[in-house]
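Asker: Chain by chain, the residues run as shown.
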Amino acid sequence: MASVPAELKYTKEHEWAKREGDRIRIGITAYAQEQLGDVVFVELPKVGAKVTAHQAFGVVESVKAVSDLFAPVSGEVVETNAELPQKPETVNKDPYGKGWMIVVKPSNAGEWDQLLSAEQYEKFVAEAAH
Amino acid sequence: MNSPLKRTPLHDAHVKAGARMVPFGGWDMPVQYTGIVEEHRAVRAAVGLFDVSHMGEFEVDGPRALEAVQSLTTNDASGLDIGQVQYSALCYPDGGIVDDLTVYRLAADRYMLTVNAGNIDKDWDWVTSHAPGGRWRNVSAETALIAVQGPKAERLVGRLTDRDVTAIDYYRFAPGAVAGVRTLISRTGYTGEDGFELYVAAGDAARLWAALLERGREDGVAPIGLGARDTLRLEMRYALYGNDIDATTNPIEAGLGWIVKLGKGPFIGRDVLEKVRAAGPARRLVGLEMAERAVARHGYPVVKDGAPIGVVTSGSYGPSVDRYIAMAYVATPHAGVGTDVGVEIRGQVKPARVVKTPFHPSRTKK
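Chains as they are written, first to last, in my numbering: chain A, 1 to 130; chain B, 1001 to 1366.
Here chain B stands alone, though its shape is the one from the complex (with noise of 0.2 Å):
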C-alpha cells in the first residue's frame, strides 16, 4: 500500500481551491473545501459538486453481456431498457460483499458497471474472472465523473445543456453535451437529493467542472468533499462500502435484500443469500438515533443490559437532522424500530435507540 496516491483530473482545482487533500482509497481527495457542515447544507439548500472520478467504471459488451452481468450481479439486469441505471452487488459465493455498484444499460448489448474506487482493481479482477463471457474494458483511467447534487441542480445542469433534463427519470440516464462536453447525463446520485451524475472523458473534466462552477454561482453552487459526502448519504441511510458493508456482509442482513432477485437464474452467492432469506438475517443494519450528544463510530460496541448485541458501523452528528445518528448492525431481536441499545463509547455506555431510516426524507426524484 505504498504505492502513490491517484490523482484525478480534478486536482488541480481542488488544491488551487485551497482544499484539505486526504488519502482515500488509494486516491488523494479533497475531504472539506470550506468546511463539512456547510459544505452539506449547501447540498441540502442549494447545489453542490463533488468530484467523483476516482470510482471505476466497466463496459461489458457482445452478444453474452446480459447473460454475464447476470451471472455476476444479485439484482435483475434482464429488464432494463437502454438509458436505464439499476443499483446492485457483486457478491462471493458466500454471500459476502465484493461490491456494491449501479449497472448501466447503454446499449441492446452493452453494459457499464460503476465501482467504488478502493475496489477496483479488486472488481475487475473477480468479473473478468467470473463472467461466462461478454467483452470486459476497464475505462476508469478514462473516466472522470461529477455528481451535481441539491434541489438547483436541475436548473445548473439544464441551463448548460439543450437537451430536456427535466425528461431524464430518477434512475435514467442520457447522452447529451453540457457546457459543450459530451456528457452521460445519469439522474443519480448518494446525497438523497435531487441531482445528475455526469460521466465525461477524463480530459474534459476540468472544463466542465470550471463551467459549473462558474455557471452555477447564481444557485450558490459550491465545491463539496467527501467528508460531506459521508454525513449526506449517512442520513439518507445509504451503505458505503468498507463501512456498513464488505466481504463478511451479506446484502440481506445489510437491508439490500431488494436488490437480490432469487428468481432471476443463478447468479454468485444466490444459494447462500436464499437460506439467509428463508431463515431470516440473524442480524440486522439498523439506523440509531443517540439520546443524547455522543459520536458513535465505525467499530463501536452496541449493547443491550450490558451484553454485546452489535457493532457500529458508520457515525455522525448529522447536520440536517440535527441528531448524533449511526448505522449498526443489531441481533435481530434487538433490531426493532423503537428498540432502546447503548453504544459503548470510550469504556461508558451511551443511551441510543433504533430508529427509522432513512433519517432525513428523501428529495430525489421520483
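This is chain A alone, in the form it adopts within the complex (with noise of 0.2 Å):
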C-alpha cells in the first residue's frame, strides 16, 4: 500500500491538500504515481489562475496515459512548482515533497471540510483496488 500521510486531506480523484497557514498546497498521491507509472509531462497552471474544485487545474502525462488533475478546492494560484514541468519524474520520486504542484488561496472555506481524511483516503484506494 502507497503511503498515505496523516497530516493531509484527499480527494477521490488522487489529489492531497496541505493546510499552510490561509493557503493550501496541492498534488498528487503516491498511489496516483504508482497508477500513472512513469511521469514525462506535467502542466501547471500560471500563478493568478482560477481554479475550481472538482475540475481540472493541469495535465500530467506518464510513458501510457493522460491524466487531468483535478482541484481539491476552489482558489486563486499564489503559486507553482515551476521546477516541476523540467523535471517531471520528481512526481514519481517524492510525491508529497518536492513533487507539489500548485498553491491555491481557498476562495471557499467550507470545500476544505469536505475533503477526505487520511484514513478515508485509504479505505477508498483500497475499496478501488477490488
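No lab work stands behind these hints: they were computed from the structure. The beta-carbon is built from N, C-alpha and C at its ideal position, and this holds for glycine as well. Just to be clear, a hint being listed does not mean it is correct.
[Unchecked claim] Distance condition first, Cα-Cα at most 27 Å in a straight line; then the derived DSS-like pairs of lysine-lysine:
(1) K1350(B) / K50(A)
(2) K1275(B) / K1261(B)
(3) K1016(B) / K93(A)
(4) K98(A) / K46(A)
(5) K64(A) / K98(A)
(6) K64(A) / K1006(B)
(7) K64(A) / K12(A)
(8) K1350(B) / K87(A)
(9) K87(A) / K18(A)
(10) K1122(B) / K1264(B)
(11) K12(A) / K46(A)
(12) K123(A) / K1016(B)
(13) K64(A) / K1350(B)
(14) K18(A) / K50(A)
(15) K1261(B) / K1122(B)
(16) K46(A) / K105(A)
(17) K105(A) / K18(A)
(18) K64(A) / K1356(B)
(19) K46(A) / K1350(B)
(20) K93(A) / K12(A)
(21) K46(A) / K18(A)
(22) K1016(B) / K64(A)
(23) K12(A) / K98(A)
(24) K93(A) / K64(A)
[Claimed, not checked] Chain A residues, not near chain B, derived (Cβ > 12 Å throughout):
(25) D22
(26) R23
(27) H54
(28) F70
(29) S74
(30) G97
(31) S107
(32) G110
(33) E111
(34) W112
(35) L115
(36) A118
(37) Q120
(38) F124
Bring the two chains, given one by one in their own frames, into a single complex with the hints.
Answerer: Here it is in C-alpha cells:
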C-alpha cells in the first residue's frame, strides 16, 4: 500500500491537500503516481489563475497515459512548482514533497471540510483496488 | 469483445513477479514490472526478457508452400535459405495491410509465419482462404515465444546452450537446446538491440523463463513489459500494427517499400502497390521530434501554417534519446527531413520537426 500521510487531506481523484496558514498546497498521491507510472510531462496553471473544486487545473502524462489534475478546492493560484515541468519524474520520486504542484488561496472555506481524511482515502483506495 | 482475456504460459510468473497486467489484443499481458523507463534502460544497457507468447505462428508445408507464401506476402521469399528469416507483410487487394509478419524457412518445403497477437484469427482466415495451396497449421496455442534483447543477450543465451550462438547472424535462426529446452533460436527482435527470439513449446516456456532470469542475474537481466517494448520499438521507428499501420495504410507510405518486391511475380495487393510506387505516395510515415516537452499521441493532428497535413500514429518520451518523439503520416510535400511542423495537443499547437530515423542508433548484429 502506497503511503498516505495522516496530516493531509485527499480527493477521490487522488490529489492531496495540505493546509499552510491561509493557503493550501496541492499535489497527487503516492498511489496516483504509482498507477500512472513514469511521469514524463506536467502542465500547471499560471500564478493568478482561478481553479475550481473538482475541475481540471492541469495535466500530468506518463509514458502510457494522460490524466487531468483536479483541484481539491476552489481559489486563486498563488504559487506553482516551476521546477516540475522541467523535472516531471519528481512526481514519482517525491509525490508529497518536491513533487507538489500548486499553492492555492482558497475562496470557499467550506470545501476543505468536504475533503477525505487519510483514513477515508486509504479505505477508498483499498475498495477501488477490488 | 467480451470473451475472457487469454493467458500465455508465463502468466503466473508475471503475476508472481508483481507485474501490472493489462488487456492487449485480447490477452492479459504485463505492461510493466518495475517501471517503463527503468525497464527500457535495462534493455539498452544489459539484457531484458519479453514474454511475446501471445504472438501467433502458422506453419505451411508441402510442394506448394513457397507458392502460397509468395502469393500472400509482399516480400520475395524465393531466395530464403533454410534457417533464414524475412520481414514481410500481408496485404489486401487495395494495398492496405492485413498484418506485418516474419517468414521463417524451416525446411525446403516448410515455412513459419509469425503474426501479431491481435490479428491471429483474422490472419488465419485470410491465409487459409487466399492461399493457392500448402498444408496450413495454426500452431499459435502450442508455441511460446521469449525475446531476449540487449547487449548482453548473446552472452546470456550462449551460456545456456551448447550451440555457438555467435555464429547465428541477424535474421537467421538455428535449432538448439537452451537450458535443456528444445528451442528455435532466432536472431531477431523488436528493440534495435542485439538479441534473440526463442520459440519453444508452450509447456517448456516457464522453465526457460526461470532459467534465463536465474542465470542472467550476473548480466543484470530484467523482465520487460509491453510498455518498454513500445518505447524501445518507437525509438527505432519500427511500425506497430494497429498504431502505425493497418488496413487503411499501405506499406509504401509506411516506409516499408523495401519489403514490397514488385518484380517477384503476382501477389495480393501487387497491382495497387505498383501504382503507388509509380506515382509516389501522397503521404509518408515520418519521425517527429517535439521542440519542447510535449507528448504527441496516436490520433493527434499534425499541422502546418494552421492547416492539417497529417496525423500522429505513435508518440512518447523516448528514454534513450531523452526527447519527445513521434511517428506520423505527413503529406509528402511536408515530409522532408528538417521540415518544421506542429502537433495539436489539447487544442494547442506544439512545434515539432521532421527528423531522420531511427531516433536511436540500431545495435542489431550486422
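Asker: If a hint holds in the structure, say so; if it does not, say that too.
Answerer: Now for the hints, and whether the structure bears them out:
1. K1350(B) / K50(A): holds, 24 Å
2. K1275(B) / K1261(B): Since the Cα atoms of K1275(B) and K1261(B) sit roughly 13 Å apart, the hinted pair holds (cutoff 27 Å).
3. K1016(B) / K93(A): holds, 25 Å
4. K98(A) / K46(A): holds, 18 Å
5. K64(A) / K98(A): holds, 23 Å
6. K64(A) / K1006(B): holds, 22 Å
7. K64(A) / K12(A): At roughly 21 Å apart (the allowed maximum being 27 Å), K12(A) and K64(A) satisfy the hint.
8. K1350(B) / K87(A): Satisfied, since the Cα-Cα distance of roughly 19 Å is no more than 27 Å.
9. K87(A) / K18(A): Holds, at roughly 22 Å.
10. K1122(B) / K1264(B): holds, 25 Å
11. K12(A) / K46(A): Cα-Cα ~24 Å, so holds.
12. K123(A) / K1016(B): holds, 25 Å
13. K64(A) / K1350(B): Distance of about 19 Å is within 27 Å: holds.
14. K18(A) / K50(A): holds, 18 Å
15. K1261(B) / K1122(B): Holds. K1261(B) to K1122(B) sits at ~24 Å (cutoff 27 Å).
16. K46(A) / K105(A): holds, 13 Å
17. K105(A) / K18(A): Cα-Cα ~12 Å, so holds.
18. K64(A) / K1356(B): holds, 24 Å
19. K46(A) / K1350(B): holds, 18 Å
20. K93(A) / K12(A): Answer holds: K93(A) to K12(A) is near 22 Å, not above 27 Å.
21. K46(A) / K18(A): holds, 20 Å
22. K1016(B) / K64(A): holds, 23 Å
23. K12(A) / K98(A): Judged against 27 Å, a Cα distance of about 22 Å means the pair holds.
24. K93(A) / K64(A): Measuring from Cα to Cα gives roughly 18 Å; hence the hint holds.
25. D22: holds, 32 Å
26. R23: holds, 27 Å
27. H54: holds, 19 Å
28. F70: holds, 16 Å
29. S74: holds, 22 Å
30. G97: It holds; G97(A) is separated from chain B by about 19 Å at its closest Cβ, greater than 12 Å.
31. S107: holds, 26 Å
32. G110: holds, 31 Å
33. E111: holds, 26 Å
34. W112: holds, 30 Å
35. L115: holds, 27 Å
36. A118: holds, 25 Å
37. Q120: Nearest chain B Cβ is 25 Å from Q120(A), so the label holds.
38. F124: holds, 20 Å
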